[in-house]
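Student: The lines below spell out each chain.
Number of protein chains: 4
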Amino acid sequence: MNKAKIAIFGASGYSGEELVKRLAEHPLVELGCLTSRQYAGKKASEVFAWVGNQSPLRNLEFIEPGAGSLDTLGIDFAFLALPHGVAFEFAVPLLERGIKVIDLSADFRVKDAEVYKRFYKHEHRAPELLKKSVYGLPEVYRDEIRGAELVACPGCYPTSILLPLLPVVRAKMIRLSSIIVNSLSGVSGAGRKADADLLFVECHESARPYGLPFHRHLSEIEQEIANAAEEKVLIQFAPHLIPLNRGIITTVHADPVIELNVDSLQAVYETAYRSDRFIRLLGSSRYPDVKNVAFTNGAQIAWRIDSRTGRVILMSAIDNLVKGAAGQAIQCFNIMNAWDEGIGLGS
Amino acid sequence: MNKAKIAIFGASGYSGEELVKRLAEHPLVELGCLTSRQYAGKKASEVFAWVGNQSPLRNLEFIEPGAGSLDTLGIDFAFLALPHGVAFEFAVPLLERGIKVIDLSADFRVKDAEVYKRFYKHEHRAPELLKKSVYGLPEVYRDEIRGAELVACPGCYPTSILLPLLPVVRAKMIRLSSIIVNSLSGVSGAGRKADADLLFVECHESARPYGLPFHRHLSEIEQEIANAAEEKVLIQFAPHLIPLNRGIITTVHADPVIELNVDSLQAVYETAYRSDRFIRLLGSSRYPDVKNVAFTNGAQIAWRIDSRTGRVILMSAIDNLVKGAAGQAIQCFNIMNAWDEGIGLGS
Amino acid sequence: MNKAKIAIFGASGYSGEELVKRLAEHPLVELGCLTSRQYAGKKASEVFAWVGNQSPLRNLEFIEPGAGSLDTLGIDFAFLALPHGVAFEFAVPLLERGIKVIDLSADFRVKDAEVYKRFYKHEHRAPELLKKSVYGLPEVYRDEIRGAELVACPGCYPTSILLPLLPVVRAKMIRLSSIIVNSLSGVSGAGRKADADLLFVECHESARPYGLPFHRHLSEIEQEIANAAEEKVLIQFAPHLIPLNRGIITTVHADPVIELNVDSLQAVYETAYRSDRFIRLLGSSRYPDVKNVAFTNGAQIAWRIDSRTGRVILMSAIDNLVKGAAGQAIQCFNIMNAWDEGIGLGS
Amino acid sequence: MNKAKIAIFGASGYSGEELVKRLAEHPLVELGCLTSRQYAGKKASEVFAWVGNQSPLRNLEFIEPGAGSLDTLGIDFAFLALPHGVAFEFAVPLLERGIKVIDLSADFRVKDAEVYKRFYKHEHRAPELLKKSVYGLPEVYRDEIRGAELVACPGCYPTSILLPLLPVVRAKMIRLSSIIVNSLSGVSGAGRKADADLLFVECHESARPYGLPFHRHLSEIEQEIANAAEEKVLIQFAPHLIPLNRGIITTVHADPVIELNVDSLQAVYETAYRSDRFIRLLGSSRYPDVKNVAFTNGAQIAWRIDSRTGRVILMSAIDNLVKGAAGQAIQCFNIMNAWDEGIGLGS
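Protein chains in written order, with this note's numbering: chain W, 1 to 347; chain S, 348 to 694; chain B, 695 to 1041; chain D, 1042 to 1388.
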C-alpha cells in the first residue's frame, strides 16, 4: 500500500502532540509537516522531550501554519488540531488544494450554522462546507467517512455520551426528554493553556462541576441524538473537572419507554457494535474505569436497570485524547484510506 | 465551663484519626481513652506519625475496645468510629453506664430495623435504641441533638446530598420522583482497608462509577427526604470514586413543580440556613469545589435553573472526613453540651 | 493580652493565603488589611472561596499595596508575602512608620548585599536594613527574634535543610565540604503563577530535578551553615519538583569527622531542640513523610549511620507553606509579641 | 521470520501485566501461556479490564505455574515476572526443557551466591545457573545476551543508576567512593500487593525516603559498577517513594578525578551509547522528567558540572515498568532472537 503524506496543524497542543506521537509510529504514514505559531523554526526534538534519538521525527521542523506553505510538500491529508473558530480558516484553502482534512475542532461538527453561532458565539465563516463535512464517529458514520474529503471528529464529551446513548435511542427504548448526563473529565480536556485555574495546585485535591447547564458540546450531542431519534431533543448535561491527566467517565440516567431488561440492552449493544473493535461492552455487572482505556482507542460501555426506580443507567469510559480526539481522528484517517481501521491504534 | 471527658472507639481508621486530631485540640475536651483492636497497648505517638513532641496525646495508650474498660475512667461521651454492625454492640453497654454516644456508623441512622436489614444485609441487634437515636445533622435536628443521649451522625454521601436537597423538598419545589443524584467521592471514603482496588496505582489516573444503583446510604437519604416531604420517596443515586484523598461533590437534577427562578431558590436556602455557620451558599454563578472545603466543616451549596430544559440543578461540596464524619460529630457534641457549636472546628 | 493589628501584603499568593487562613483564626490578631494589586477592591470572600458565611474575614476588602494606605489603620505588624526584589520597597516605609515587618521573601535573609546580588541578579535596594534584620528561624534565633523589628523568614528549602544540619554542624560532627543535599518539593513551592510548566497535566505523573546546581536558596543556606560552623562553606544542593500540593522532603549525606553513632546523633538533636515544640525527632528507625507534617508547623527529623560507607544520612519533612513559610512567620510573630509561640499553630 | 512462542509466569503483577500488554502486540510473538496462582482458570479478558473485544488475548486462559504444564505447548521462551526467591524454582526445569528464560526477578542478577544471600536473606537455590546467566542490560551486554539461554533483567533502580554511571566509571572520570545516589520511584515499583502503606490515601500527598541505606538493589548496582571499574566499590543509595504511578528519577553526585567539563562528558556518553536507540542524551542544559519517558523504553540522561564545588551531577529518568522491567525484557528477547531490538517497543 502507498503511504499517505500528512500535515498536522496545531501540533503542540495536547491533541496535536498525541497525533504526532501516534502518526510517527503509523506504518503507512509519512509525516510531512508540523505547524505551530509558537514553535515555528524549532525541531520536533526540541519541542517534544519524549522524541527518541533515532526517531524519524528528530529533525522535522515546525513551520508557521498556512495552506500555502504546504504547496511543495505533496501533502495528502491535513489533521487540524486547532481551536474552534480558527480551523475553518485553514480548511477552505486546504480542500481547494485537494488535501483531505480531518478536523479535531468543533468547526464542522454542527451542521446548522445558526446552532454553531448560538453555541460558539461567533459567525461560521465557511458554512458552505458544512454540507460536505462528515461527523467522524466511525461507529455511526463509517460509510460516509470512507468517501469524505472533510471529516469533523467529535468532541471528547460527545464521544463518551453518544456511544452508550445512540443504540438505545435508535431502538426507541428511552424517553428522550428524560436523558440526564453527568460526565467527569481529566484536565487535559481543557487544553494546554497557561490558565491559573488549571495549575497543578488548583486541580490536585480538587473536583468541581463547571460550564453547566449550557456547554458547547451540547450542540453536537443534541444534533446526533436527534438524528438517531428522528426528532428534536434537548439534553441535560453536567460536566465536572477531576484530577486526572486523561479520561472521561460518563453516567447517563433515562426513563425507559418500553419493557426493558439488561439482556435486551445487551442485545441492542451487540447488534449496534458487532463490527466495532474499539467498543468494549462490559454488560450489567462490571463498571467502566478510565484506567482501563487510558492510552487506548477503546470505549467501555456498561448498563444497569434500577429495579426500584425502573430507570436505565448507561456508563462509559474513554481516553479523551485518544478515542476522544487523536485516536478517533486516526481511525477516520484509516477508513478514508480504505485501510484496516485499527492501524497504529493497538488492538 | 467544665471539660467533657471522652473516649474514641475505632480511633485508628480515617474518621477515627480525624476525631483524634481535632478533639486533641478542642479546648473543652479531655481525651480519656482511645480504642483499637489492632493497636491496643501502643501509644498514640507510635500509631500517629503526626503527633508532636509536646502534644498531650503523646503518651495516651490505645486500649482494647469494651465498655467495661471505661468504668474507672469517668468518661462522659463516647465517639464510635466503628464499622456498621459493630457499633450497636458497644452502644448498648455504654448508654447503660450513662455515657452519651455519638455514633459515626450507619447503625442508628435508619429508624426502621427492616429497612436497615434490607440495606445492610444483617439483623439490627439493638432495635430498641432506634427510637432514642437522633439523626446528627445539626442543620435539621439541632434541637433534638441538644437533648440526645445517642446521636447517629449521617454518612458522608447523605450529608452532601441532604444539605442541598432538603430545603427545596420542604418547600415542595421539585417533583420527588425526578430526583437524580450523582456524587464523586475521594478514596478515604472507602476507609483504611488493605484492599487491592484501593492501592495507589489502582486509584491514581482512575475514575469509576461503583455500587449503583442500590447503595446502602440510600436508606438514610430516602428516610430523611421522606421526612421532609411527608411522603415516601425513591432516590436515584450514582456514586463515583475519583482520585482525591478527601472530598465529595454532589450534583442533583430535578424537575420543578412550581414556577422557580434562582432568586426563589436563594430565598429558600437563606431561610433554611440562616443560622448555620457551616453552610456556604454560592448562589447561581459560582461552583462548589472540594478544595475550598477540604479540612473544614463547611458545606458549599450552589444552584442553577436550566432555561432550556427547565430543570433545577443543585450542587454541593464537603470534606467527607470532616462535615461528612468527624467534624459533624464534633458539631453534634458541642450542641449536646450546649456550647458554641463551632468550638474546635474553625470558622 | 492586647491584640495585635496586622496587615498582610501579597495576600493572594499561596503563602499569603495561608497567612490569611491562619491569622484569621489567631485569637490575638485583628486582621486590619489585606493587599493585592490584582484583587484591590474585592472582598476576601470573593477572592477566597473557602471563606465561611460568618467568618470575620467576609467583608474585609483587599486594597492596593502601599505603606501610605495603612496610615489610618493603626497597624502594628506587616507580613510581606511578596516576590523578592519587591519586598524591600515596602519594608522601608513600613519600618519608618513604626510598623514591625515579618518578611517572607528573600530580601532580608542574606546579610551580604553582594551575595544577594550574585544569587538574585539585581542590586539590593535597602542594604542599610540588612544589619537590622533577624533570620526568622526560631529554633536558632529565638532571642534575636524577640526584640526584632524586621524578621526575614527563611525559605522553604533552607528550613528543611538547616533544621537537620545545624546541630551536627555546630557539634563539628561532619566534614562541611562533604555535604550533599537532595530535596523534593511540592508544586506550591513555585507560587501561584500561570506558567505552562506548572499546569496540572505537566506536573501530574511528572518528577524532575531543576534549578541545580546553583539555586538561589543556597545563599542563605550557606550563610547559616557558615555561621554555625564558623567557617565558609559551599553546599551541594539538588532540588526536585514532585507531584504534591505541599511538602518538602530533604535527604542529606555527609562524612563524619569524628566517631559517630545513632545515639550520639540522638543526643545532639535532643539537646539542640529540647525546647522546640515543632521539631519531631524520629530517630534512626522511622522515616519522615510529608503527609505527617502537612498543614502543620511541624518538622520531622530522622538520621542513619551507614555501617558500610560510614556516612551520616539526615532526613527531614516539612510543609513548605507552613513551617516553610506562613507558619514559621506566625511563630516569629508570636515570639516578637512575647506570646506562647504556638498560638494559632496547633500542637 | 518465524514467530516465537512464549509463556509469561506471574502475569498478573504490574510487570507481568506490562509484558502481556506489549507482547500481545508484538508482531513476532505467539502468546502461548499465562500463569498465575491467583487467576488460574480465568480468561485474560476477565483478569485484565483493558482487553479489547477483538484482541487475540481475549480467550487465553491463565494456568497454574509449573514447567510441566508447558510440555505440550511448544514454548520457546519463558518470561518470569515472579518474586525473588520463587523465580529460581521455575528456571531450572524450564531450562532443562530447552526453554530460554528471561527472568525479571533478582534471582539471577547477582553472580555471587554469598552476596545474594547477604542481601536477600535466603540461600540461593540454583547457584549453578549463576555462571550461565547474563545481566540483561542491552546497552552493556548486548553480545552476551544474543547467545544467552538465561537472561537476568536488571531491577528498575539499577537500570536508572547504571545507565548514567557506567560510562563515566569506565572512563575513570570519578572517584568511586564519592558516588552518592538519590532516586525517586513511583508506587508501581512496590508491586501489586494489598499493603496498607501502599493505599491511595497513604501515598497521595505523601513523599518519603525508605529502605536506606541498605537496599537490596545495591547488590547488583555494586556488582556492575565494580565490573566497569575493575575494582570493588560501595555505593551510597537513598531511595524515595513519590506519588507517581510509574517512573524513576535518579540524581547522582560524584567527585571527578580528572579535569572534566560538560563536553568531555558529552563525548563519553555519545561514544558509549552511539548505537543505543533507547538512550536519550539531554546534555547539560535540559532536565530529565519521568513524564517524557512514561510508557516508553527510553532512558533520559543529563549531566552538569558544578563550577563552585567541582562535582559531577548525573541525572536520569526511566519508566520503571518499561525500561526498568517489561520493556527491557522484551529488548533482550528481541536480541536473543537476533531481531531488531526495538520491535514492539516504539521508537
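Among these hints, one or two may not hold up.
Stated by the list, open to error - Taking lysine-lysine pairs in the DSSO-like style, the calculated list, with each CA pair at most 27 Å apart, reads: (1) D:Lys1044 with D:Lys1141; (2) W:Lys21 with D:Lys1234; (3) W:Lys172 with W:Lys42; (4) D:Lys1141 with S:Lys540; (5) D:Lys1273 with D:Lys1158; (6) B:Lys715 with S:Lys368.
No wet-lab data here; the hints were simulated from the structure.
Student: Of all the hints numbered above, which does this structure not satisfy? Sort the numbers upward.
Tutor: 2, 3 and 4
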